[in-house]
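Take the sequences, apply the hints, and build the full model.
Top line first, the protein sequences correspond to chains A and B. For the first sequence, full-length UniProt numbering assigns the number 1 to the initial residue and increments by one for each residue that follows. For the second sequence, full-length UniProt numbering assigns the number 1 to the initial residue and increments by one for each residue that follows.
Derived by calculation from the structure, the hints in this document are not laboratory data. Accuracy of the hints is not assured; some may be wrong.
Distance condition first, Cα-Cα at most 30 Å in a straight line; then the derived DSS-like pairs of lysine-lysine [to be verified]:
hint: 1; chain 1: B; residue 1: Lys77; chain 2: B; residue 2: Lys30
hint: 2; chain 1: A; residue 1: Lys30; chain 2: A; residue 2: Lys77
hint: 3; chain 1: A; residue 1: Lys53; chain 2: B; residue 2: Lys133
hint: 4; chain 1: B; residue 1: Lys30; chain 2: A; residue 2: Lys53
hint: 5; chain 1: A; residue 1: Lys133; chain 2: B; residue 2: Lys53
hint: 6; chain 1: B; residue 1: Lys53; chain 2: B; residue 2: Lys30
hint: 7; chain 1: A; residue 1: Lys77; chain 2: B; residue 2: Lys53
hint: 8; chain 1: A; residue 1: Lys53; chain 2: A; residue 2: Lys133
hint: 9; chain 1: A; residue 1: Lys53; chain 2: B; residue 2: Lys53
hint: 10; chain 1: B; residue 1: Lys53; chain 2: B; residue 2: Lys133
hint: 11; chain 1: A; residue 1: Lys133; chain 2: B; residue 2: Lys30
hint: 12; chain 1: B; residue 1: Lys77; chain 2: B; residue 2: Lys168
hint: 13; chain 1: B; residue 1: Lys77; chain 2: B; residue 2: Lys53
hint: 14; chain 1: A; residue 1: Lys168; chain 2: A; residue 2: Lys133
hint: 15; chain 1: A; residue 1: Lys133; chain 2: A; residue 2: Lys77
hint: 16; chain 1: A; residue 1: Lys133; chain 2: B; residue 2: Lys77
hint: 17; chain 1: B; residue 1: Lys30; chain 2: A; residue 2: Lys77
Short derived list, chain B residues pointing at chain A, Cβ under 10 Å [stated by the list, open to error]:
hint: 18; residue: Pro138
hint: 19; residue: Ser143
hint: 20; residue: Glu200
hint: 21; residue: Arg204
hint: 22; residue: Arg211
The structure displayed is predicted, hence computed values, not measured ones. Glycine residues also receive a C-beta, built at the ideal position from the N, C-alpha and C atoms.
2 protein chains.
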Amino acid sequence: MRRGVGVRCGPGVALGSVLVKDEKDAKAPKSEQTRTLILETALRLFQERGYDKTTMRAIAQEAGVSVGNAYYYFSSKEHLVQGFYDRIAAEHRAAVRPVLDTETDLETRLTGVLLAWLDIAAPYHEFAAQFFKNAADPESPLSPFSPESEPAREAAISVHREVLSGSKAKVADELVGILPELMWLSQMGLVLYWVFDRSENSARSRRLAERGARLTTRGVSLSRFRVLRPLVRDVHELFTDFLPGMAEAASARKRR
Amino acid sequence: MRRGVGVRCGPGVALGSVLVKDEKDAKAPKSEQTRTLILETALRLFQERGYDKTTMRAIAQEAGVSVGNAYYYFSSKEHLVQGFYDRIAAEHRAAVRPVLDTETDLETRLTGVLLAWLDIAAPYHEFAAQFFKNAADPESPLSPFSPESEPAREAAISVHREVLSGSKAKVADELVGILPELMWLSQMGLVLYWVFDRSENSARSRRLAERGARLTTRGVSLSRFRVLRPLVRDVHELFTDFLPGMAEAASARKRR
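Pasting the structure below:
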């Protein structure tokens, strides 16, 4: 399932290559290898020197490629971070297969998905705390709510779509489209908590994931009460209206 | 009502003295004047030079007091920020009197309270964005969720308590104790949004305040449905369990 995901190493250690794409050939082409090398070198330098202090020149030099070559793959440091988001999202999609393929209980599915995210993000915990100030601004391209983050965000939301659709929980038709986004938003709340969590092995974040999943499950089961649906819709509308990339993503989905 | 609140000046401009305490004598004693002078000098330097780069020595020098004297009033830079929080809270308590004394509609009261906060915070907008990275960590003494911020937080929550109690909205007894905290938490969501809001005069934050107040009012009116109450309690419990200062504050209130 998790082919080539060699990521359980501490910060600063070279990260294993990640090839979770559905490629027929086990060996990635040369260009993909170079791309991965640059991305991993960048992540290592971000962790060692800090995001702000790491230049594209330093990344290229450390990776042993020309600066022009580095810019060919990632036209800015921001694009490197998007590459990092895409990679986390891809690893996560692979890691949640066991629970999504076997469990039908909504709470179990959601807990599994949230804990898998914490597992995958663990090596980047130190980096996340110092990186946070660049990503907290919803207008920043590095924000999970930015238009630039749409592919990674959309991938993450689609995981929640599957959490819901594969469960035996009954969800009103009119909420099927918006609940996954709200579940992803609460995941972002968990991520924010985790960024600052100093408990050993992020134990508190793991407990929050479990408690949050239980709460979401209760909320979903209450959605059978018709009187509540306008409120759920209003909450969703509030978020999509006020978070930069969300409105665009919602209308793009409608067009599809 | 807003005696001595001379705060509508841009960042970097010396701020008027703020005496919103219920003091019989219009003129503050010397020690209070010195305290205010140090606090205002600190805020000006934080805005001009940034929080991290401003030392207590520089604040004392600029205020024309000895370093020892500055430390007598504020034992650290963090205490200065707490002083700033207390001051914002005091100004806010004064500014909301007109709406809380005359309106009984919950949405009107809450909108008034949130917009008043945005008005009062406006001069500090620039400072807030650069200061944010110090306050985002819930474990930091500067976080609104820290034990150190309890007095300012408690003052802010008590405003929401009055928003609710003075309205004609019917609230179930079992929710009276927790709704004000949840309303304050949603205010913190608004503050987070405002920190990064770049629209002119924070127009988007103002619209979010109005929309949020409407949503909260709907939520409160739904609380008459008994089936929802466990969910409200669970949400509240989640926040108080996982935010550092909230649990202590809750138990302290119980003791009173």
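Here's how the hints hold up against the structure:
With a C-alpha separation of about 22 Å, the suggested pair Lys77 of chain B and Lys30 of chain B falls inside the 30 Å cut-off, and the hint holds. Of the pairs offered as hints, the one joining Lys30 of chain A and Lys77 of chain A holds, with about 22 Å between alpha carbons and a cut-off of 30 Å not exceeded. For the hint linking Lys53 of chain A to Lys133 of chain B, the alpha-carbon distance of about 17 Å falls within 30 Å, and the restraint holds. Our distance criterion of 30 Å between C-alpha atoms is broken by Lys30 of chain B and Lys53 of chain A, whose separation comes to about 47 Å.
The straight-line distance between the Cα atoms of Lys133 of chain A and Lys53 of chain B is roughly 17 Å, inside the 30 Å bound, and the hint therefore holds. Our distance criterion of 30 Å between C-alpha atoms is met by Lys53 of chain B and Lys30 of chain B, whose separation comes to about 29 Å. Simply put, Lys77 of chain A and Lys53 of chain B have alpha-carbon atoms about 27 Å apart, close enough for the 30 Å limit, and the pair holds. A hinted pair counts as satisfied when its Cα atoms are at most 30 Å apart, and Lys53 of chain A with Lys133 of chain A qualifies at roughly 14 Å.
A hinted pair counts as satisfied when its Cα atoms are at most 30 Å apart, and Lys53 of chain A with Lys53 of chain B qualifies at roughly 18 Å. Restraint check for Lys53 of chain B and Lys133 of chain B: the C-alpha separation of about 14 Å stays at or below 30 Å, so the hint holds. Between the alpha carbons of Lys133 of chain A and Lys30 of chain B the distance comes to roughly 40 Å, so the proposed pair goes past 30 Å and is violated. For the hint linking Lys77 of chain B to Lys168 of chain B, the alpha-carbon distance of about 43 Å lies beyond 30 Å, and the restraint is violated.
Taken as a hint, the Lys77 of chain B and Lys53 of chain B pair is honoured in the structure, with Cα atoms around 11 Å apart against an allowance of 30 Å. Annotation: proposed proximity of Lys168 of chain A to Lys133 of chain A is violated, straight-line Cα distance about 39 Å (limit 30 Å). At roughly 15 Å between alpha-carbon atoms, Lys133 of chain A and Lys77 of chain A fall within 30 Å of each other, so this suggested pair holds. Distance restraint check for Lys133 of chain A and Lys77 of chain B: the Cα-Cα separation of roughly 21 Å lies within the 30 Å cut-off, and the hinted pair is therefore satisfied.
Taken as a hint, the Lys30 of chain B and Lys77 of chain A pair is broken in the structure, with Cα atoms around 53 Å apart against an allowance of 30 Å. Against a cut-off of 10 Å between C-beta atoms, the interface hint on Pro138 of chain B holds, since the closest Cβ of chain A lies about 6 Å away. A cut of 10 Å between beta carbons decides the hint on Ser143 of chain B: the least distance to chain A is about 9 Å, and the hint holds. At its closest, the beta carbon of Glu200 of chain B sits 14 Å from a beta carbon of chain A; the interface hint therefore is violated under the 10 Å criterion.
Of the supplied interface hints, the one on Arg204 of chain B holds, with its beta-carbon coming within about 7 Å of a beta-carbon of chain A, less than 10 Å. Interface hint at Arg211 of chain B: satisfied, since its Cβ lies 6 Å from the closest Cβ of chain A, which is below the 10 Å cut-off.
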